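A.B. asks: So you can see what is in the structure, the chains are spelled out below.
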Amino acid sequence: MKQLLKKAGLVIAILMAGGLLRSPLENRLETRLVETHLLFTPPAKNVLDVLGQESAMAVLGGMRSVVALYWQLMAISDWEYQEWDDLAKKFEIAALLTPRDTDMWIKYAWHIHTNASASVFDDASMTEPQQYLAADDYIEQGIGILYRAVKQMPDSVDLQMDLAQVLREKRQDYCGAAEAYKRALELEGHPAYTTRFYGYMLAKCPGREREAYEHLKMLWFEDEKHHMPSMRRDLADLEVKLNVPEALRIPGLENQDERFSRQRSGQPEVP
Amino acid sequence: MSDTTTSTAESAGKDASPVRPPLISPSRIWSLATVTFTQLLRMKVLYFMLIFGLIVAVIFNFNPSGQTVAQQLKSTKDVSFAVMNVFSMLFAIASTAILIPKDLEDRTLYTILSKPVPRLDYLLGRLMGVLMVVGACLIIMYAFLALVLFVQEQILVSAELSRLREQPQMDSETLLNMENDMRKQGLHWPLLYAPLAIFLKACVVAAVTLFLSTFASSTLFTIIVSAMLFLIGHFHKSTYEVLMEDTHANAVVALLGKLVVLAVPNFALFNVVDGIAAAEPVDPMLMGQLFLVTAVYTVLYLLVALIVFMDKEF
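As you go down the protein sequences, you meet chains F and P in turn.
Its first residue numbered 2, the first sequence is counted upward by one per residue in the numbering used here.
Its first residue numbered 4, the second sequence is counted upward by one per residue in the numbering used here.
Calculated from the structure, these hints are not laboratory results.
Treat the hints with care, as some may be off.
[Unchecked claim] Derived coverage of chain P by chain F (criterion: at least 3 residues anywhere in the stretch with Cβ under 8 Å from a Cβ of chain F; other residues may be distant):
(1) 73 to 83
(2) 107 to 115
(3) 120 to 131
(4) 160 to 169
(5) 263 to 269
[Stated by the list, open to error] Short, incomplete list of chain P residues facing chain F, as computed with Cβ under 10 Å:
(6) 201
(7) 214
(8) 272
[Unchecked claim] Beta-carbon label-pair distances, calculated as ranges:
(9) F:119 - P:52: 43 to 53 Å
(10) P:195 - F:42: 18 to 28 Å
(11) F:153 - P:45: 45 to 55 Å
Being a predicted model, the structure only gives us computed values, none of them experimental.
Glycine included, each C-beta is placed from N, C-alpha and C at the ideal position.
Taking the hints into account, I'd like the entire structure generated from these sequences.
C.D. replies: Here is the structure:
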């Protein structure tokens, strides 16, 4: 018995001493792994409560991505039945488990700002003004989701581009869209058209017409690939709006008078 | 004459004394490891590969609505690595837990230990055999995953690119960026770090199980306790940190928590597989440190296993 206790004591002492020795190395490594996004911080207790026993065990057992994928797949049925609150709850869990999954964030926001906002118009229990208010609320929520995603991953071009597009199309917030395109421009891997879109949004942002004109003009002279119909139209409009003297105007642009006359004659608008 | 007699007597005396075998003999360890490898393969563990293949084939054809190409590729990786993880942990625990009891039941243990085989060699050989099977299975599974992922990447990316090319105003630079985004989730060399991290985790799990099996009275006990330690090892550190933030925490509970954190390996460290599968850049230096941590754990648990096993009577 004495021998057994002695042995047990020795084993415990070795394990404790080993634990004390490895702790600093382990802590440093853990910090670095979290910093490099290879390791995620453990989910908060409230997330584990929502997950349920099996999912929580799987997450703690190292299968976080699979559990996140499971919740995303579960959300598909909510999409089919237009249960938007349930869908949002499932995506929130997926977002907490894999906060750096860009596609997941974009899909989550799309469900809310596009699908949910459109679905309210099928809801016969609401009056028309209520439908518009509800749709507006969903769009705001969707944009909020994208802003949260951008906060998580400020280095994601896809998120900035998606945010810009949603602000432009759903909110007609051209100043906000211009800012998002500007942030995308500062990131590596942005699409070639981002710089033009930044100019187009600036052109529609009140008070920033001069900046827009300078930017689009710079692009116009930089490369012929930028000579798009929208570019011609915006530059011509800006020249009129900013009262740019005739001598300083860019030659070969379609001016507003020509466009008005074309519209009057029933010719289609340049896209 | 007398000198010759003396020297003959001395040499006879030397021959008569028991020759102490070297503490560690690589050839002996290798022999034990290969025997263990064969023994475990005869248990038809490779049938699991068929299950793995089936799961990967299902996920290959699984395309729920709304999933982008990158998401589909990532799903294949996530599910495959999860299956590899589960297999490795289950196998490391179960196969290590049955080794010593089975050797006792077959009386192989008596045959081995009656020979000049140090007990450290026995433990090392058995552990190495288990890890060789886990490693071989991981290589096969990864090779299959790599093949499937490569084919899936080619099919999905080319289909998506031809769809995108039809869109007006889609310039070559944008197309290239989009292709790079999609291919980022495809097959790349850094993905190899994922099975490596799973293997390192299996090494620690097997070493802990080996330690438990040196004093456990039944295989079931070893398996259950190992699985529990495996789970505890994933969250003990964060639980302890939360406990420490609570100013009203009981001192005894806090001390016990600290002891658990010190004694049980931090398995959460090996969960880098999620990040690797998400195509986050991997620093080889960090993987080197993970390897070092694994080595520390394995040596530590082997040492305590040896202390228990050293003069154990069978």
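A.B. asks: For each hint, tell me whether it holds in the structure or not.
C.D. replies: Do the hints match the structure? See the list:
1. A count of 6 residues in the stretch 73 to 83 of chain P with a Cβ less than 8 Å from any Cβ of chain F is obtained; the coverage claim is therefore met, three being the minimum.
2. Counting residues of the stretch 107 to 115 of chain P whose beta carbon lies closer than 8 Å to any beta carbon of chain F gives 0, which falls short of the minimum of three for the stated coverage.
3. Counting residues of the stretch 120 to 131 of chain P whose beta carbon lies closer than 8 Å to any beta carbon of chain F gives 0, which falls below the threshold of three, so the coverage claim is violated.
4. Look at the stretch 160 to 169 of chain P against chain F: 0 of its residues bring a Cβ nearer than 8 Å to a Cβ of that chain, fewer than three, so the hint is violated.
5. Only when three residues or more bring their CB closer than 8 Å to a CB of chain F does the claim for the stretch 263 to 269 of chain P stand; here the count is 4, and the claim holds.
6. Taking 10 Å as the C-beta cut-off, the interface hint given for residue 201 of chain P holds, the closest approach to chain F being about 9 Å.
7. Here the hint on residue 214 of chain P is kept, as its CB sits about 8 Å from the closest CB of chain F, short of 10 Å.
8. Because the closest C-beta pair between residue 272 of chain P and chain F is about 6 Å apart, less than 10 Å, the hint holds.
9. Hint check: residue 119 of chain F to residue 52 of chain P, Cβ distance near 47 Å, so the stated range 43 to 53 Å holds.
10. Separated by about 26 Å at the C-beta atoms, residue 195 of chain P and residue 42 of chain F satisfy the suggested range of 18 to 28 Å.
11. Hint check: residue 153 of chain F to residue 45 of chain P, Cβ distance near 50 Å, so the stated range 45 to 55 Å holds.
Going through the hint list in order, the structure does not satisfy hints 2, 3 and 4.
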